[in-house]
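Trainee: Sequence:
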Amino acid sequence: MPWVDYLSLYLYGLKYVVIFVAIFITFSGLDDLLIDLIYWVRWLWRRFTADKRHPHAGQERLLSLEEKPLAIMIPAWHETGVIGSMADAAARILAAQPEVAGAFTQKDLLASPVRQGVPPDELTLKERFSLSTYAGRSPDVLAAVKPQSTLSPGMPGVLVSSHGSPWDYDRRVPMLFWWPGVKPEARFLPVETVDIAPTLAAAWGLTPPADVDGRCLALASERPC
757 MPWVDYLSLY LYGLKYVVIF VAIFITFSGL DDLLIDLIYW VRWLWRRFTA
807 DKRHPHAGQE RLLSLEEKPL AIMIPAWHET GVIGSMADAA ARILAAQPEV
857 AGAFTQKDLL ASPVRQGVPP DELTLKERFS LSTYAGRSPD VLAAVKPQST
907 LSPGMPGVLV SSHGSPWDYD RRVPMLFWWP GVKPEARFLP VETVDIAPTL
957 AAAWGLTPPA DVDGRCLALA SERPC
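So the number in the numbering used here is just where the residue sits in the sequence shown, counting from 1, plus 756.
Take the hints with a grain of salt, since some may be wrong.
[As the list claims (entries may be wrong)] List of simulated lysine-lysine pairs, DSBU-like, C-alpha gap at most 30 Å: (1) 863 to 824; (2) 863 to 882; (3) 882 to 824; (4) 824 to 902; (5) 808 to 824; (6) 902 to 882; (7) 902 to 863.
Honestly, the hints are just simulated from the structure, not real lab data. This structure is a prediction, so every number in the text was calculated from the model and none was measured.
With these hints in hand, go ahead and build the complete structure from the sequences.
Mentor: Below you can see the structure in the form of structure tokens.
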């Protein structure tokens with residue numbers, strides 16, 4: 757078969773391939789055409805109806821309105837990168853407010869080391885937040901208002917303070933040990949809740965594991981560590 761016949765056969769087959777591709781592209785593009793038609797029909801409808809009754813809000817009108825909470829939904833393939841940048845910006849804005857003592861992102865707190873063996877009262881604000889941060893459960897941004905401040909106004913007889921702040925006056929709570937014949941004694945040294953287990957173990961004559969969190973508190977001469 758001469759080469760001219762091969763070329764003719766190739767061009768004849770190519771014609772049907774082009775026709776198939778054209779039909780496929782046409783049908784696959786119908787959804788885009790439908791979306792465009794819906795957009796323009798909706799734009800024309802709003803242009804001659806809703807936009808005449810409700811003019812677009814300019815910068816002056818938006819700034820004149822009272823601030824309200826706003827939720828922004830961001831569809832993205834890499835949400836972590838988008839949310840991370842937003843969290844960094846939110847932490848910077850919060851930290852710049854006069855009533856805020858500090859603001860940190862969850863990512864920053866998880867990566868920040870906490871000094872071991874340091875009394876809780878001597879930890880920095882960031883270290884205290886790091887101890888309470890849990891990956892996947894804590895919020896993306898954590899902040900604390902200045903001492904003796906609350907986010908809600910005080911209501912005498914109903915609400916005068918909050919709880920859960922990192923400050924010592926809010927964080928420290930009484931811890932009571934009692935047994936028959938004990939002599940009353942009050943101590944004001946800072947301890948941690950993890951000290952309860954090794955203290956009770958020593959009082960019962962048990963030896964806790966070497967890697968247990970916390971330390972034993974010498975309750976009395978008859979309850980040594």
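Trainee: Next step is simple, just say for each hint if it's right about the structure.
Mentor: Going down the list of hints, with the structure as the test:
Restraint check for residue 863 and residue 824: the C-alpha separation of about 27 Å stays at or below 30 Å, so the hint holds. Distance restraint check for residue 863 and residue 882: the Cα-Cα separation of roughly 12 Å lies within the 30 Å cut-off, and the hinted pair is therefore satisfied. For the hint pairing residue 882 with residue 824, the CA-to-CA distance comes to about 29 Å; that is within 30 Å, so the pair holds. At most 30 Å may separate the alpha-carbon atoms for a hinted pair to count; residue 824 and residue 902 meet this at roughly 23 Å.
Restraint check for residue 808 and residue 824: satisfied, since their Cα atoms lie roughly 26 Å apart, inside the 30 Å limit. Taking the CA atoms of residue 902 and residue 882, the gap is near 14 Å; set against the 30 Å cutoff, the hint holds. Annotation: proposed proximity of residue 902 to residue 863 holds, straight-line Cα distance about 22 Å (limit 30 Å).
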